[in-house]
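Chemist: Chain by chain, the residues run as shown.
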Amino acid sequence: EDQVTQSPEALRLQEGESSSLNCSYTVSGLRGLFWYRQDPGKGPEFLFTLYSAGEEKEKERLKATLTKKESFLHITAPKPEDSATYLCAVANQAGTALIFGKGTTLSVSS
Amino acid sequence: IAGITQAPTSQILAAGRRMTLRCTQDMRHNAMYWYRQDLGLGLRLIHYSNTAGTTGKGEVPDGYSVSRANTDDFPLTLASAVPSQTSVYFCASSDEGDTGELFFGEGSRLTVL
Numbered sequence: 001e002d003q004v005t006q007s008p009e010a011l012r013l014q015e016g017e018s019s020s021l022n023c024s025y026t027v028s029g030l031r032g033l034f035w036y037r038q039d040p041g042k043g044p045e046f047l048f049t050l051y052s053a054g055e056e057k058e059k060e061r062l063k064a065t066l067t068k069k070e071s072f073l074h075i076t077a078p079k080p081e082d083s084a085t086y087l088c089a090v091a092n093q094a095g096t097a098l099i100f101g102k103g104t105t106l107s108v109s110s
Numbered sequence: 001i002a003g004i005t006q007a008p009t010s011q012i013l014a015a016g017r018r019m020t021l022r023c024t025q026d027m028r029h030n031a032m033y034w035y036r037q038d039l040g041l042g043l044r045l046i047h048y049s050n051t052a053g054t055t056g057k058g059e060v061p062d063g064y065s066v067s068r069a070n071t072d073d074f075p076l077t078l079a080s081a082v083p084s085q086t087s088v089y090f091c092a093s094s095d096e097g098d099t100g101e102l103f104f105g106e107g108s109r110l111t112v113l
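Taken in order, these protein sequences are the chains called A and B. According to the numbering used here, the stretch in the first sequence is residues 1 to 110, in order. According to the numbering used here, the stretch in the second sequence is residues 1 to 113, in order.
These are computed hints drawn from the structure, not numbers from a lab. These figures come from a predicted structure and were not determined experimentally. Possibly wrong hints are sitting among the right ones.
Claimed, not checked - The calculated SDA-like cross-link candidates involving lysine to any residue, where the alpha carbons are at most 20 Å apart (straight line), are:
(1) Lys42/A <-> Pro8/B
(2) Lys42/A <-> Arg44/B
(3) Lys42/A <-> Asp26/B
What the hints assert, rightly or not - One-sided and incomplete, this derived list gives chain A residues near chain B with beta-carbon spacing under 10 Å:
(4) Val4
(5) Pro8
(6) Ala97
(7) Phe100
Glycine residues also receive a C-beta, built at the ideal position from the N, C-alpha and C atoms.
Just chain A, with the same shape it has in the complex (with noise of 0.2 Å):
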């Protein structure tokens, strides 16, 4: 079965300080790995799509990178802005639709 899993659930830093969010997923033939943003009581905004293994996306203080079996989503100096509920999903070859993970709620603070 497709799964994703994403961690830590929560995650509180300081302004500036720099971390990883982890998406590990077990899919059947991954067409697509994507990065989603969402903030409180509105729908989730595309930030990145990944295709293979090795491939790096950035966007500002995001950099999402891939591997076979995960993703990471790098937030450098991050600012309280940056604060939401990121989440990872996945498309697989017979899929119709994105599997979603669970989420990771980052809160920076000034």
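Given the structure of chain A, go ahead and fit chain B onto it with the hints provided.
Modeler: Showing chain B alone in chain A's frame:
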């Protein structure tokens, strides 16, 4: 550009009542989806539609129905609401039939008493 519009944003409903959550997109995307989001369970797919006129079941379809009469609209109906259907419901669309990047609405918070 509005993107995805969901209505209502919030609703309290008595058990046994019928309810339709509306979803409209203005991006001319072929694929549309309904997810529910529950604390500790994450986002789970209810129903999807790859193109107008077709629909399919997701992970948790029981108690829900959908229709896709045209490209823009994808309503979700609860025929007889039960308390376990209390959740936040998100509609999403994708430009690619095989999921691609999803665009989400702001959600509809439904409470069934």
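Chemist: For each hint, tell me whether it holds in the structure or not.
Modeler: The hints, checked one at a time:
no. : hint                : result
1   : Lys42/A <-> Pro8/B  : holds (14 Å)
2   : Lys42/A <-> Arg44/B : holds (16 Å)
3   : Lys42/A <-> Asp26/B : holds (19 Å)
4   : Val4                : holds (8 Å)
5   : Pro8                : violated (14 Å)
6   : Ala97               : holds (5 Å)
7   : Phe100              : holds (4 Å)
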